[in-house]
Each structure stands twice: as C-alpha cells, then as structure tokens.
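Engineer: As a plain string of letters, each chain reads:
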Amino acid sequence: MITSRTEEELYDAAASLRAMGAKVKAITGDINDPNHRTRLLQETNLMGGVSLLVNNASDLGETPRPELARASLDRFRQTLETNLVSPLALIQQALPQLQQSHGLVINITSDAGEAGYERWGIYGSSKAGLDLVSKTLAAELKPLGISVVAVDPGDMRTQMHQEAFPDEDISDRPLPEVTLPFWAWLIHQDPRTVSGIRYEAQGALWEIPA
Amino acid sequence: MKREELSFERPTELFASQPPEMRGQSRDEVRLMVTWPEGNNSHHVFTDLPTLLKQGDLLVVNESATLPASLPATSQLGNIRLNLSTRFSDNLWIAEPRWSVSRPGPLPLEEGETLQIGDATAKLLKSYPGIPRLWLTQFSIPATSLMAKYGEPIHYSYAPVYPMEAYQTLFSIFPGSAEMPSAARPITSRVHNTLVAQGIGITGLTLHTGVSSLEIEDEIVEHQALYPETFHVPAATANAVNATRARGGRVVAVGTTVVRALETAWNGSMVRACAGSTSLYVHPGTGVHVVDGLLTGLHDPVTSHLAMLSTLMSIDHVRKAYAEAVEHRYLWHEFGDSHLIWKQQVESN
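Just so you know, the protein sequences line up as chains A and B, in that order.
Per our numbering, the first sequence runs over residues 210 to 419.
Per our numbering, the second sequence runs over residues 287 to 635.
Simulated from the structure, these hints should not be mistaken for lab results.
There may be inaccurate statements among the hints.
Said to hold, decoys possible - Restricting the straight-line Cα-Cα distance to at most 20 angstroms, the calculated cross-link-like pairs of lysine to any residue (SDA-like) are:
id, chain 1, residue 1, chain 2, residue 2
1, B, K412, A, T215
2, A, K232, B, G404
3, B, K409, B, Y442
4, A, K351, A, H370
5, A, K232, A, D242
6, B, K412, A, M229
7, B, K412, A, A393
8, A, K232, B, L363
9, B, K435, B, K412
10, B, K412, A, L226
11, B, K412, A, E386
12, B, K409, B, L363
13, A, K232, A, P243
14, A, K351, A, L414
15, B, K409, A, E386
16, A, K234, A, D221
17, B, K412, A, H245
18, A, K344, A, E327
In this text, all values refer to a predicted model and were calculated from it rather than measured experimentally.
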C-alpha cells in the first residue's frame, strides 16, 4: 500500500513497483485526514495486515524558510500536524495490525531535528519531536512485539530538498537510490534488535546492539 | 588526495600464485618488511615477528572465516561467475557478476535479470549505488546451501584455486568472509606460542570481508564509494584495546579489516563494544586513532587499502616502502609476504 496527495507521482511509483513484481495498492489522499487513514488501514487489513509502516510524508513548512522569530504560527501548527501528529495517529490506528504481525514502524527523520540550523526551526522541531516519539514508542510498544526506528535518509536530490534550497543547484546531492542498500539491510534485521535506534541511511555505521 | 598518488609499478611475476606451504615452506616463512616510524624499512622473516614486538603490546586479529563464495552461474550472456560479497540475509547478498575468474565486470546485465545456479535462481535487483559492478541479488534459496553445493573460494587470474583450508587462518572461527582476511595467515601455532610466551596479547574481533576492491575510479581518492561490511567488536576486545593504550602498550591491527572495525568502534576517546555494518572509509582525511601499527600484506596500486596505509605513514614513505618491496622481490596478494607498519607522526593533510 502506498499513498500520497499527488496522483500522477503515486501511480508512477506504483507502476514501477509492479514492474519489479510487487503487488501494490495506491490510494491518493492526505495523511492528515482521519477518514483517509481509516480507509488505508481497512484496505491493508484486507491485504493481510500491516507488517511494515513507513511514515515518510512530510511538510517543509513556509518557504523561503523563516527564522523562528518571524515564523507563522498557524503554518507551524500545520507542519507539526503533518510531521508529528499524523504519523502518530496512523501508528495508533495501525496498532492492531502491527501487533498481529510483530511489525516494524519506520519514521523518516532529518538531521535538521538535531542540529539547530538557522531557519530550519519549524521543520527541525517537528522532526526532533518525531525522534522522541519514535524512541518512546519503541519502549512502550515492546511488550506488544512492535518495533520502531527513526531513519534520517540524509541529503538527497528530491523535490523537497530543492524547495528547501530554491536558488541552489542541488545536482551534487545523490539520488534517493543511494539509500537502497540501507533499506535492504534494515528490513533484513530482526526488528526487535534494532527497535529504538535512529539510523543515518548514508552514514558509515548501521549499528545493532553489540 | 589525487588517485595518481597511489599509483606504482610492480611486475606481475611478483604476484604470489601459490601458498608458501605449497612452495615447500611453512606459512610463517614468508618475508616480513618493517616500516619504522622514521620511514626507513628493514627486512626480516615472519618468524621474527615476536622479536619486533614488546611485552604489553596487543595484536588484534580478525576471527572471520572464509566462505566458498564463488559460484558458477548461467546468464543470457552464457556461463559467468557470481562472487558473493556481503550478506544482508540468507537470500539477499551484494554480489559481483564476472565474466570469469580472471575477467571482471561490469557485465551488460539488466535490472531484474535472473541468473541460474543449479536449480536455484539469483535475481539482480539493483546495481549498487556508485559501484556498478556489484548488485543487490536475491536468491531463491539460502545462498549458504548454494555455496555448500557449488561454491569454491574466490580466486583471481594470478592463482589457481586451492583447497578451502588454504584460505583460513589460525583465527578463522566465524564464517562470513568473501575473501580471506589474509594478514594473519602467516601466524602459525609456533609463532602464536612465542608471542604469548613473551607477554604479547592477542585478541579478536570479526569483520566479514567483501570482494576485494578494484582500483579507485574517482579522481579524488576520498570520494570513492565503499560498500558496507558486517562486523562485531566484542566488549572484551574493546576493553583489551583500551587497557593496552592506557598503559602505553602498542595496539597492532592484523589486517586492514581490523583497522576498519576498530576505527568504526572509536568514539573519540576510546573503543567501545560495537556491531553492525560499517562503510567507514579510512583515508588521510579521517586519520587513524586506535592503532599504533598494522600488520598486513602488500596491496595493489590505487586501492582504498593504500589510502588507509597512508594514514599511518606519509604517502612518500608508502611509495618508498613499496619500491623497496619490489626491489627485494617481495610477493603480493593473499599468499604473499607481510608488511609491518609502525605509525608515524604524520602531519594531517
């Protein structure tokens, strides 16, 4: 199951996954919409239940990125809704299916959540919050056999990265496929072993407890 | 660092095509060049190693054992060879399709193409980002059963294939390496006993090696993409290394794999117990922090191994040592001679 707000890109992604031999259902919608979340999980239930939930949808916030002192608070609330509240909402709703499968939740995070870069405070604080949600959930959901990790994919040549740096040539950043080996590695680890860890997909070390 | 700085000439007749035990010698009778902190070199036999170390020094060895990781495969291009490099799961590996033992890739293979190995299949999912000759490869059955049935040790054009024992060392305990971590190969029981009797410590870690790197392709050495290797630095090993450093003993890595693992486990002030997968690239820009010496073989030109060596000594001294090795007719590769390098106080560059 894949979902996004934009139909064309979603269907392109579904088509390329099917070409690889995957069975894919693609449903457009906004993850902030509770009815959309409910529908997604009804569908996954029919497909046999969720064993891996990847919260990737994110909102960069106002562009150009403002300093916190001048940031729109309404827009800030909106960013927190998309990046922090809705991922948790989806996890909450998916718990019965994840418990059944002893599944893994992957929350996509960012170095902006740790660094305190100027003019990254809106997006960064939403990701810092998501990191703590990931870590806390890992502890809280352990008795249910559900595992949670946070993954910072690193700088990549994506639409959001271009929007974050509107006047820059970002062609020196690697394409998202640079993270493929990491995903291949991660999904083959025992989820219970890696739960609670925050990974950097482009980092030199993918650690498991020694 | 520019790639041509790691370039040097060495005649192909200096490639060791036979293990010493098949040349009528013992494993520990290979030669040993020592490069001293001042950059000068001296020439020894490997059995001299205990006399070159002091009580309180610590050797760190790699306890990974070698797999029969080279498989015959059939593709649309005909019969090829598939060398397994790095395990992600029983059925998913990074692997290197080659034309043959002697002829490397990259082959003109398509994403999604399926290779046949006996009754099993290997699907090429995606070429490795930045390293097009390697593929993420999905096997229809666990690769270990394919290796048991069809595998032989990875070997290249300069040497025929030998029985599996030729690719194991005294310390090979945990199977997982695509290629022999060969630095410890000359350490025989008698050398080991002498070291221990002299109060020289020996401790182990595990790093499962992948297929050997080809030449660095990027003009800037530090930009070369490296693939990950699975490793484990146990707490007891981390403690032994830290204790040795604290009392002023010297830590000697036996092999470049040990340097990679220890540097990965370095937290800025000490080595910690650590496991997982490391892509750490040790080069002059990163430096080395943990080891005072490296016991290794002789490496090919323009490789990441040489970039690592030049963190221990200046690139001029690397070149000088290698020129002397050629002059003294040292033998290269896994069955060849040894090189002990003591770390110099190199200006960071």
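Engineer: Decide, hint by hint, whether the structure agrees.
Structural biologist: Tested hints:
no.	hint	verdict
1	K412/B <-> T215/A	violated, 26 angstroms
2	K232/A <-> G404/B	violated, 28 angstroms
3	K409/B <-> Y442/B	violated, 24 angstroms
4	K351/A <-> H370/A	violated, 34 angstroms
5	K232/A <-> D242/A	violated, 25 angstroms
6	K412/B <-> M229/A	holds, 10 angstroms
7	K412/B <-> A393/A	holds, 11 angstroms
8	K232/A <-> L363/B	violated, 30 angstroms
9	K435/B <-> K412/B	violated, 26 angstroms
10	K412/B <-> L226/A	holds, 13 angstroms
11	K412/B <-> E386/A	holds, 9 angstroms
12	K409/B <-> L363/B	holds, 15 angstroms
13	K232/A <-> P243/A	violated, 25 angstroms
14	K351/A <-> L414/A	violated, 24 angstroms
15	K409/B <-> E386/A	holds, 18 angstroms
16	K234/A <-> D221/A	holds, 12 angstroms
17	K412/B <-> H245/A	violated, 33 angstroms
18	K344/A <-> E327/A	violated, 25 angstroms
This entry does not satisfy hints 1, 2, 3, 4, 5, 8, 9, 13, 14, 17, 18, going by the numbered hints stated previously.
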